Structures are given as structure tokens and as C-alpha cells.
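Mind docking chain B on chain A? Use the hints.
Chains as they are written, first to last, in our numbering: chain A, 1 to 557; chain B, 1 to 104.
Be aware that one or more of the hints could be misleading.
Selected chain A positions facing chain B (in silico; Cβ < 10 Å) [said to hold, decoys possible]:
no.	residue
1	D139
2	P258
3	S267
4	A268
5	S272
6	A295
7	K296
8	G360
9	D361
10	R544
11	T547
12	G548
13	L549
Since the hints were derived computationally from the structure, they do not count as laboratory data. Quick caveat, the model's predicted, so the values are computed rather than measured. In this text, a Cβ means the ideal position worked out from N, Cα and C, and glycines have one as well.
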Amino acid sequence: MKRSLTALIAGSLLAVSFAVFAGPGAIEGVEKQPVNFSAIAMFMIFVIATLGITKWAAGKTKTTADFYTAGGGITGFQNGLAIAGDYMSAATLLGLTSMVYFKGYDGFIYAVCFFIGWPIILFLMAERLRNLGKFTFADIASYRLDQNRIRTFAAIGSLTVVCFYLIVQMVGAGQLIQLLFGLEYNYAVVVVGLLMMVYVTFGGMTATTWVQIIKACLLLGGGISLMLMTLAQFGWSFENLFTKAIESHKLGEKLMSPGTLMADPISAFSLSLGLLFGTAGLPHIMMRFFTVPNAKEARKSVFYATGFIGLFFLVTMVLGAAAITIVGTNGAFFEGGQVGGKLIGGGNMPVMHLAKAVGGDIFLGFLSAVAFATILAVVSGLALAGASAISHDLYARVIKKGTASSAQEMKVTRIASVGLGLTAILLGIAFKDQNVLFLVALAFGVASSVNFPVLILSMYWKGLTTRGALWGGIAGLVSSVGLVILSPTVWVKILGNKAAIFPYDHPAIVSMTLAFFVTWLLSVTDKSARAAAEAAAFEEQFIRAQTGLGAAGAHAH
Amino acid sequence: MSQESIQAKIRSNPKFAELVGKRTRFAIILSLVVLVPYYTFMFLVSTQPQIFAAKIAEGSVITIGWPIAALIVVAGWVLTGVYVSRANGEFDSITAEVLKEARK
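Excised from the complex, chain A in its bound form (with noise of 0.2 Å):
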């Protein structure tokens, strides 16, 4: 074990240096940038400390407990910076701010909507998903429900989410790292894959967890340094930076108030409610809850993450403002020197072109390595969290029925994170050059359509049944699916049809809806025995909520 842990650490240290060197040789494609040493360097110190965290978390990691909740003994803090670690990707970071950069005030209000849902999961899943759950949220699912059909159902919803955000991540690494570090887009994709496995198949959740703190530390210190730097430019005045925002940007005036986005009421109601219920049904997200002791550090983590992650986006709004001006009328961050053209890079890159206006490129190495980081950080949640439904949700309850050992489970979790890094990376590639927006929309759809309804109604409605709860997840999972693939973004976009046979490029309101309405229309109908013991069953897992009686505690060490 620790020879293999070693050798794995010394192929990935290798994978990177590999990378590196046949990077210069290998420059194609207009948009690759040079060699960047810096960002490198900087990126192998991140890497070569949370591989030491690994060594020495791989040491703690002993019982399956410790793998899938690093024992049940991270705070409340700790959890919350993680929590905040797993939400603000890199995807996050580049977005919002090019969204700002673009498009003005409508930037805003997506991050309102990508904010939303954290007090509504404090006030009404936080301290229940505590107390319900240990290791999945398919624990909480079919907590009083058939364990086979509804374990399984939960596993795969999991993991259709967890493979759609990895292929999601994946392409955003090999792009970025293609970008930032002057890097082949195959070679990132691998490096991205072996670290994830080394931190996830080695480390679990206690490694996992601290290089979500590590990389939400340096995200955060990283967009405060810059906004602090930027202000400074525009003498600390927000009067100062948006009069010239609009002075340089084509929309003018427009860029102060709501424009075209959420122009149509019912897109951004679908929007709006598949970010809302869909960052409830998170696998990787609701994971986190287990690994603190308890319900009161289960909220305290949300509170704190609530804290970082609504601070993060209003730094994003503050770096894609300015860099409307600073980026915005300077031909050196524009192909061929023309300001108003195609930015270098393309349209994601603002942020990274103000980092270098502002702080140099050796601010810019910094923050690339902090994207590259983000990437590498949240894939390793994803694949935990994707590892966890394989082994403990499909492998020991539904296989084996609850008879596999403590090792067994633990090899099959490890075999199966190494599988999950092995499909990131073949997914990676094969999607590259694709375009991988809708997958958010699909991710997001089956997260809020099949993942919330069956958990949130599994805790708050007692006539729920495992009927209702099987026909109401697949009714949400065809529908959100089929919907997405009908939207406007697939359908006409990728499909090159010349009409969407479906408007929104959300599908939750209609998803969402009937996935509600066929679980309650087949749960009130169902007059089985078993439904009628399903039904009895709710009062012990009711004052287990409410109180915690009998929930998981911390493991003791």
C-alpha cells in the first residue's frame, strides 16, 4: 500500500514534469499560448503539498467511515470552506466574471441565482441530511424505502450528475491548461485524471477535504488581491470604475440594468428554479454534511460557506466590471491588437487578461495556478462522491446486502475511484473541442428533477412510497434529459435543427414539476402492505431528524 502510494505520487509528479517538457515542442492551434514557467512552478507547489497531505491523510484513512467521511471529524469551518471549495469552480471564477465583462448587470443576477439556494438547503436539509445520513444521500433516500430499488435509483442519479459535471470539468481543464499554461489539452486531461485518482483512491474524504480548503484559501486570497489591486486603479471609487465601464463598453448605460438574459419570465423562472433545488441535489455537495460530528456543526458549515461563497461572487462582479476598462481598450489582450475583436483566448478570459494587466504575469502564473488547482479540487469531490454511490450504495448494500467487510469495501471504493479517474479522462478527451454547456443544464436538470424531489420528500412527507419515489426519479430523469436534448443549445446548436421543439435551456420547470407530481400521484394510489409500513416507518426517522437520536457520530480515533 504505501510502496504503491509512493510510486503513484512519483508517476503523477512525473506526468506533470512530462507535460511540461512536451509542451513547447507540440504548440499548434492558434489559440495555445507560450510555455508559462511561472503558473507551472507555482502549480507543482500546490501539487507537491497536497500530495504530502495525501501521504499523511492516506495514514488516517483506515476504516470505511474515514474514507467516505474523514471520519465524521472535520468543523464546521473547515467544512464550510470545503462546501465553498466544491461551488466555486473554476467555471465560476471565469464565468461570471466574462458574463459581468460581456453582458453588464445581467452577470449579476446569475450569481444571485447560483447563490440562492444555500440559505434554503441551511433552513430545511442541512441538519436533517445530518442526522439522516452517513455515507450517501441515498442513505437518506431509502431510508425508509425499498433498499434495492431506491438505493440503486439514488446511485444512479448520483452518478449520471457526477459523470456529467466530471466531463464538464474535464474539458474546462484541458482548455484552460491548453491557455494558461501552454500545455497539450490530452496532456492536461491526464494530469488533471492521475492526481484525482492518487488524492481520492489514497487520501478519501480527509485528503479530499483539504485540498478543497487549500484551493478555496488561495481562490479566495487570490480575487480579493485582485480586486484590491484593481480598485486601486480606479481610486477606490465604484463611481470612478463604472463611469469609465460604460464610457468603453458598446452597450453603454444598457450595462447597468437588466437586459436580454432573463427577458423571457418563464426561461428565467426555469433557470432560476433548476439552480435553486439543483445545488440541493448535488451529490458531492450533500456529501459534505457527513463528514462533520454533528447537526450543529452541519450548520455552522453551511453558514460559513454561504458566508465565502456569496463573498467570492461579489468579488467576481467587481473583477468582470473592471475589466471592461482595463481589458476591454487594450489591444495587447485582443488577436491581432484590435480592441473590440476576438479576445485572446476567447471569451472566458477577462479575468485572467485583468490579472495580468494589474498584477503582471506573475500574478497571472499565480491565479492560473489557482484555476488549474480549482479544477483538480473539485474533480476529486466528484469522484468521491462518484466512488461512494459505486461502493457503498451499489457494492455493500444492494450487492451484498449489507454483508461486506470493512476491506472489501474499501477495495472496491478504491477500484472504483481509479475507474471513475480512467472514464474522466477517455470522457475528457473525447468530448474536447465539443461544446459542454448543456451538460451544466443536464447536470443541474437531473440534480433538481430526480436527486431533490425523492430526498427532500423522503424527509418532510410521510405518505411517500417506494413506488411513487422509483416512477416519480424516472419520470424526472426522462424528462429533464429529454427536455435538455430538445432545448435550443442541443437541439438547433449542436444538432443544427432549425427549431427547438423545446424553448427553455432549463428544463427544471417542467422536469421538476412532473417528477413531484408522478411520485405523489403513485404514492397517494399505492395501497400496498408495503407502503402502508413505509408510511409507519416515518415517525422513527421523523424524531431522528428533529433530534439526532441514533444518527452516525464522529468516529473515534
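For chain B alone, kept in the frame of chain A given last:
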């Protein structure tokens, strides 16, 4: 003592009903305090966008939309603090009492 009898005692303890009632009401009220302004905001943004184009002060270029959106974020966070302070204080002490009395 068996788990069932502890549960029966919890169920029959009026403090448990008090806990559930108080916490449920509090969670629903706070959720509404977050969601009603949020959906009002979303509705107005898509149907009456000109509202948000008003300036925060005479001669300023900043529209009221920016501080309103920032306020939704900050208020959302403050409300999580409000919930946590009451849940980790008052609600947890009632829970502890209920559990203690049930185990007697």
C-alpha cells in the same frame, strides 16, 4: 432502555412538539424571507427591467440594480447566521432536554 421506548417518550414529551413547531415555523418564515424577495426580483427583472435602471443618486451612473442584487446576497448570508444562532442555541438546548428526559 430500548430505542422504541425512548422514541415513545420523545413523542409524548410536549417539549418535542414545541421544538418541532418552533423550528418548522422559523425555517418556513426564513425561507419565505429569502424566496419572496428573490422571486419578486426575478419577476421584475424579466418583466419590468426599467425599474432597475434608476440611479442611486443624482449625478451617479450606478443604477439601483447593483446594490439590490448585492443586498439579496448579503441578506441571504445574514439570515443563515440568524438561523444558526437560534438553532445552535435555543433549539439545541430544547433537543438536549428532550433527549435527556427520554433517557431517564
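Results for each hint:
no. : hint : verdict
1   : D139 : violated (18 Å)
2   : P258 : holds (4 Å)
3   : S267 : holds (8 Å)
4   : A268 : holds (5 Å)
5   : S272 : holds (5 Å)
6   : A295 : holds (8 Å)
7   : K296 : holds (5 Å)
8   : G360 : violated (29 Å)
9   : D361 : violated (32 Å)
10  : R544 : holds (9 Å)
11  : T547 : holds (5 Å)
12  : G548 : holds (7 Å)
13  : L549 : holds (6 Å)
Hint compliance for this structure: hints 1, 8 and 9 are not met, and every other hint is.
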